[in-house]
Amino acid sequence: QKEVEQNSGPLSVPEGAIASLNCTYSDRVSQSFFWYRQYSGKSPELIMSIYSNGDKEDGRFTAQLNKASQYVSLLIRDSQPSDSATYLCAVRNRDDKIIFGKGTRLHILP
Amino acid sequence: DAGVIQSPRHEVTEMGQEVTLRCKPISGHDYLFWYRQTMMRGLELLIYFNNNVPIDDSGMPEDRFSAKMPNASFSTLKIQPSEPRDSAVYFCASSLGTGELFFGEGSRLTVL
Numbered sequence: 001q002k003e004v005e006q007n008s009g010p011l012s013v014p015e016g017a018i019a020s021l022n023c024t025y026s027d028r029v030s031q032s033f034f035w036y037r038q039y040s041g042k043s044p045e046l047i048m049s050i051y052s053n054g055d056k057e058d059g060r061f062t063a064q065l066n067k068a069s070q071y072v073s074l075l076i077r078d079s080q081p082s083d084s085a086t087y088l089c090a091v092r093n094r095d096d097k098i099i100f101g102k103g104t105r106l107h108i109l110p
Numbered sequence: 001d002a003g004v005i006q007s008p009r010h011e012v013t014e015m016g017q018e019v020t021l022r023c024k025p026i027s028g029h030d031y032l033f034w035y036r037q038t039m040m041r042g043l044e045l046l047i048y049f050n051n052n053v054p055i056d057d058s059g060m061p062e063d064r065f066s067a068k069m070p071n072a073s074f075s076t077l078k079i080q081p082s083e084p085r086d087s088a089v090y091f092c093a094s095s096l097g098t099g100e101l102f103f104g105e106g107s108r109l110t111v112l
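Top line first, the protein sequences correspond to chains B and F. Just so we're aligned, residue 1 is where the first sequence starts under my numbering, counting upward by one. Just so we're aligned, residue 1 is where the second sequence starts under my numbering, counting upward by one.
Treat the hints with caution; some may be incorrect.
[To be verified] Within a straight-line C-alpha distance of at most 30 Å, the following computed DSSO-like cross-link-like pairs (lysine-lysine) qualify: (1) F:K68 / F:K24; (2) B:K67 / F:K68; (3) B:K2 / B:K67; (4) B:K2 / B:K97; (5) B:K97 / B:K67; (6) B:K102 / F:K78; (7) B:K42 / B:K2; (8) B:K102 / B:K56; (9) B:K42 / B:K102; (10) B:K56 / F:K78; (11) B:K2 / B:K102; (12) B:K42 / F:K24; (13) F:K68 / B:K42; (14) F:K78 / B:K97; (15) B:K97 / F:K24; (16) B:K67 / B:K102; (17) B:K56 / B:K2; (18) B:K56 / B:K97; (19) B:K56 / B:K42; (20) B:K42 / B:K97; (21) F:K78 / B:K42; (22) B:K56 / B:K67; (23) F:K78 / B:K2; (24) F:K78 / F:K68; (25) B:K56 / F:K68; (26) F:K24 / F:K78; (27) F:K24 / B:K102.
These are calculated hints, taken from the structure and not from any lab test.
Between the sequences and the hints, there should be enough to build the whole structure, so can you do that?
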């Protein structure tokens, strides 16, 4: 089993709709969880971090964490064409090791 | 403040040559990570340092790869000898211990 798993996509979402991105992880004692956005040819940039169960909102973005199910998600409301990118889920374990999933390609349809 | 600085941005070399990639982390950050990204394998962790000390190098693919961090403001990743399968984008990232990584622009390596 891979440590951090994501559906590779592409996920196509109409402009203005909600995009839902999902991630599962295998290390039950993982402590911190992150979502990064990566545009083609660019480096990853942090958009959300979440450390405890529940929801965390920042503007149009909401991260959700369920440690019992080992599941992290990212919701993007009012999707814009500029949100088209690859979204990477990352997990930090107790040894401070940070592992990334392979990413989900998101395409917002104008 | 300057972000993470990597050099070179692009490197084209021939199989068997030595390659050295360089990274300057954000001042004050105590963690430094080296990742390799390919289409097939995604973003793979190679090695990370805490306060200049290597913590986990289990991701380094072979003995041909080595990394050093002689001080808090500089790290190198060396490949000797290089092979075509080493072609990838190599990213350096630093963190202040929170796990929130700041990435450099990457070094795109092509080994012919």
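Verification of the supplied hints:
Our distance criterion of 30 Å between C-alpha atoms is met by K68 of chain F and K24 of chain F, whose separation comes to about 12 Å. Distance restraint check for K67 of chain B and K68 of chain F: the Cα-Cα separation of roughly 35 Å exceeds the 30 Å cut-off, and the hinted pair is therefore not satisfied. For the hint linking K2 of chain B to K67 of chain B, the alpha-carbon distance of about 17 Å falls within 30 Å, and the restraint holds. In summary, the hint linking K2 of chain B to K97 of chain B is supported, as the alpha carbons are separated by about 15 Å, within the 30 Å threshold.
This hinted pair checks out: K97 of chain B and K67 of chain B have alpha carbons roughly 18 Å apart, not beyond 30 Å. Between K102 of chain B and K78 of chain F the CA atoms are separated by roughly 25 Å; this keeps the pair inside 30 Å, and the hint holds. Restraint check for K42 of chain B and K2 of chain B: satisfied, since their Cα atoms lie roughly 25 Å apart, inside the 30 Å limit. The suggested pairing of K102 of chain B with K56 of chain B holds, with an alpha-carbon distance near 23 Å, which does not exceed 30 Å.
With a CA separation close to 15 Å, the supplied pair K42 of chain B and K102 of chain B stays within the 30 Å bound. A threshold of 30 Å between alpha carbons decides the hint, and for K56 of chain B with K78 of chain F the separation of about 40 Å lies outside it, so the pair is violated. With a C-alpha separation of about 10 Å, the suggested pair K2 of chain B and K102 of chain B falls inside the 30 Å cut-off, and the hint holds. Annotation: proposed proximity of K42 of chain B to K24 of chain F holds, straight-line Cα distance about 18 Å (limit 30 Å).
For the suggested pair K68 of chain F and K42 of chain B, the alpha carbons sit about 25 Å apart, so the restraint of at most 30 Å is met. A hinted pair counts as satisfied when its Cα atoms are at most 30 Å apart, and K78 of chain F with K97 of chain B qualifies at roughly 21 Å. Straight-line distance between C-alpha atoms of K97 of chain B and K24 of chain F comes to about 20 Å, which keeps the hinted pair within the 30 Å bound. Between the alpha carbons of K67 of chain B and K102 of chain B the distance comes to roughly 20 Å, so the proposed pair stays at or under 30 Å and holds.
A hinted pair counts as satisfied when its Cα atoms are at most 30 Å apart, and K56 of chain B with K2 of chain B qualifies at roughly 26 Å. Pair hint K56 of chain B plus K97 of chain B holds up; C-alpha atoms about 23 Å apart against a cutoff of 30 Å. For the hint pairing K56 of chain B with K42 of chain B, the CA-to-CA distance comes to about 26 Å; that is within 30 Å, so the pair holds. For the given pair, K42 of chain B sits about 23 Å from K97 of chain B by alpha-carbon distance, which is consistent with the 30 Å threshold.
As the CA atoms of K78 of chain F and K42 of chain B are separated by approximately 23 Å, the hinted pair is consistent with the 30 Å bound. Restraint check: the Cα-Cα separation between K56 of chain B and K67 of chain B comes to about 14 Å, which is no more than 30 Å; the hinted pair holds. Taking the CA atoms of K78 of chain F and K2 of chain B, the gap is about 27 Å. The hint holds against a cut of 30 Å. With a C-alpha separation of about 9 Å, the suggested pairing of K78 of chain F with K68 of chain F holds against the 30 Å cut-off.
Note on K56 of chain B and K68 of chain F: the hinted pairing is violated, with a Cα-Cα distance of about 37 Å set against a maximum of 30 Å. Between K24 of chain F and K78 of chain F the CA atoms are separated by roughly 15 Å; this keeps the pair inside 30 Å, and the hint holds. Only pairs whose Cα atoms come within 30 Å are accepted, and K24 of chain F paired with K102 of chain B is accepted, the gap being roughly 26 Å.
Violation of the numbered hints given earlier is confined to hints 2, 10, 25; the remaining hints are satisfied by the structure.
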